[in-house]
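Novice: Each chain, written out:
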Amino acid sequence: MPLIAFAILVALLAIGLTLNPRLVPSPLIGKPAPEFELPLLLKQGRFSNKDLIGHVTLLNVWASWCFACRQEHETVKALGRSGVRIIGLNYKDEPEDAKQWLARLGNPYQFIAADRSGRIAIDWGVYGAPETFLIDKSGIIRHKVIGPLSDKGNFDALMAVMDSLK
Amino acid sequence: MMSSLTLAAPIETFKFDSPETEKVFHKLSEELRCLVCQNQNIAESNADLAKDLRLEIYTMLSDGKSEDEIVDFMVQRYGDYVLYRPPFKPMTWLLWFGPAIVFAFGLVYVVRFMKAQSSKTQVESLSDEDIKRIKNLHAEQGNK
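Taken in sequence, the protein lines are chains U and F. According to the numbering used here, the first sequence is numbered sequentially starting from 3. According to the numbering used here, the second sequence is numbered sequentially starting from 6.
It is worth saying that the hints were derived from the structure and are not from the lab. It should be emphasised that the depicted structure is a prediction, and the values quoted were computed from it without experimental measurement. Watch out, some of these pointers could steer you wrong.
[To be verified] The list that follows gives simulated cross-link-like pairs (lysine-lysine, DSS-like), each with its CA atoms no further than 25 Å apart:
| id | chain 1 | residue 1 | chain 2 | residue 2 |
| --- | --- | --- | --- | --- |
| 1 | F | 56 | U | 94 |
| 2 | F | 20 | U | 33 |
| 3 | U | 79 | U | 45 |
| 4 | F | 70 | F | 32 |
| 5 | F | 94 | F | 32 |
| 6 | U | 33 | U | 101 |
| 7 | F | 70 | U | 33 |
| 8 | U | 139 | U | 52 |
| 9 | F | 20 | F | 94 |
[Stated by the list, open to error] FRET-style restraints, in silico, Cβ to Cβ:
| id | chain 1 | residue 1 | chain 2 | residue 2 | range |
| --- | --- | --- | --- | --- | --- |
| 10 | F | 125 | U | 22 | 45 to 53 Å |
| 11 | U | 152 | F | 26 | 41 to 49 Å |
| 12 | U | 21 | F | 74 | 27 to 35 Å |
| 13 | U | 42 | F | 102 | 49 to 57 Å |
Ideal Cβ positions, reconstructed from N, Cα and C, are used throughout, including at glycine.
I would like the entire structure built from these sequences, with the hints used as guidance.
Specialist: Right under this line is the structure:
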């Protein structure tokens with residue numbers, strides 16, 4: 003009996019070790035994208051949640067100061083080349099730093115909305131870049147990736163949800 | 006550099022309309038988890054996001070938002086995980102009752118164990134058979 007109890011405890015702790023406490027499920031999944039309007043980083047004009055309607059979109063939260071964003075950047079570019087519409091949310095960044103970063107590493111984004119204060123990111127429940135939201139044609143958030151997209155698990159999970167949107 | 010050694014909660018100097026509002030501010034920032042450094046609350050954390058959320062709480066309080074409204078605001082964005090005191094709902098029943106269940110199992114086990122101990126038959130006198138066996142032992146030793 004004590005042995006069984008011990009075995010159960012070990013099993014539970016083992017499961018606990020495989021879970022990542024940084025992955026906090028987003029309550030926004032299945033809900034419409036939060037309302038926002040932000041200036042664009044590279045062009046004149048603004049980007050709002052209304053501009054998300056009508057396309058399947060990846061909203062990628064990134065910053066030039068974010069190391070893991072650089073790590074995932076090749077994957078983001080590859081996704082962009084494959085025809086996915088990618089919108090950048092430049093998070094708490096200096097516009098000049100962000101522009102230099104893009105000039106050096108390439109720009110996969112159709113538009114980049116600049117959230118300098120990070121206030122809009124709070125509405126999206128962002129707690130660390132990179133984070134990526136998959137938004138369907140009607141503007142509903144379908145999936146959230148926390149951490150780099152280049153991570154195989156993250157990538158596969160995203161693709162699976164994308165398949166289901168067809 | 007020396008000043009960085011002093012341990013102080015990184016609370017900005019916010020001005021409050023009333024001591025009550027200030028109390029609510031401190032209560033909220035202590036009950037909400039910082040998602041960047043997950044073992045700290047928003048009041049303790051130096052993380053940039055915690056700073057932003059403190060400002061957000063302050064702004065909402067200044068706009069006359071209630072404590073519940075602010076908690077709802079946080080939960081809608083970051084989920085129940087942002088609360089150090091999880092809400093009571095079917096999803097969290099195991100969390101709330103888990104310790105009691107484990108305790109109940111332990112109690113049942115202890116009671117059973119104690120019963121088993123006390124119901125063990127005690128030997129109070131030797132039977133004729135026992136005495137014969139002991140005598141045999143003596144006899145064998147004597148033979149050697």
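Novice: Against each hint, give a clear statement of whether it holds in the structure.
Specialist: Evaluated hints:
The hinted pair formed by residue 56 (chain F) and residue 94 (chain U) meets the criterion: a straight-line CA distance of about 13 Å does not exceed 25 Å. For the hint linking residue 20 (chain F) to residue 33 (chain U), the alpha-carbon distance of about 36 Å lies beyond 25 Å, and the restraint is violated. Straight-line distance between C-alpha atoms of residue 79 (chain U) and residue 45 (chain U) comes to about 20 Å, which keeps the hinted pair within the 25 Å bound. Our distance criterion of 25 Å between C-alpha atoms is met by residue 70 (chain F) and residue 32 (chain F), whose separation comes to about 14 Å.
Between residue 94 (chain F) and residue 32 (chain F) the CA atoms are separated by roughly 23 Å; this keeps the pair inside 25 Å, and the hint holds. Simply put, residue 33 (chain U) and residue 101 (chain U) have alpha-carbon atoms about 32 Å apart, too far for the 25 Å limit, and the pair is violated. Restraint check for residue 70 (chain F) and residue 33 (chain U): satisfied, since their Cα atoms lie roughly 24 Å apart, inside the 25 Å limit. The straight-line distance between the Cα atoms of residue 139 (chain U) and residue 52 (chain U) is roughly 11 Å, inside the 25 Å bound, and the hint therefore holds.
The hinted pair formed by residue 20 (chain F) and residue 94 (chain F) fails the criterion: a straight-line CA distance of about 37 Å is larger than 25 Å. At about 50 Å, the CB distance of residue 125 (chain F) to residue 22 (chain U) agrees with the hint of 45 to 53 Å. At roughly 46 Å, the beta-carbon separation of residue 152 (chain U) and residue 26 (chain F) lies within the given 41 to 49 Å, and the hint holds. Distance hint check: the CB atoms of residue 21 (chain U) and residue 74 (chain F) are about 32 Å apart, consistent with the given range 27 to 35 Å.
About 51 Å separates the C-beta atoms of residue 42 (chain U) and residue 102 (chain F), a value consistent with the hinted range of 49 to 57 Å.
Going through the hint list in order, the structure does not satisfy hints 2, 6, 9.
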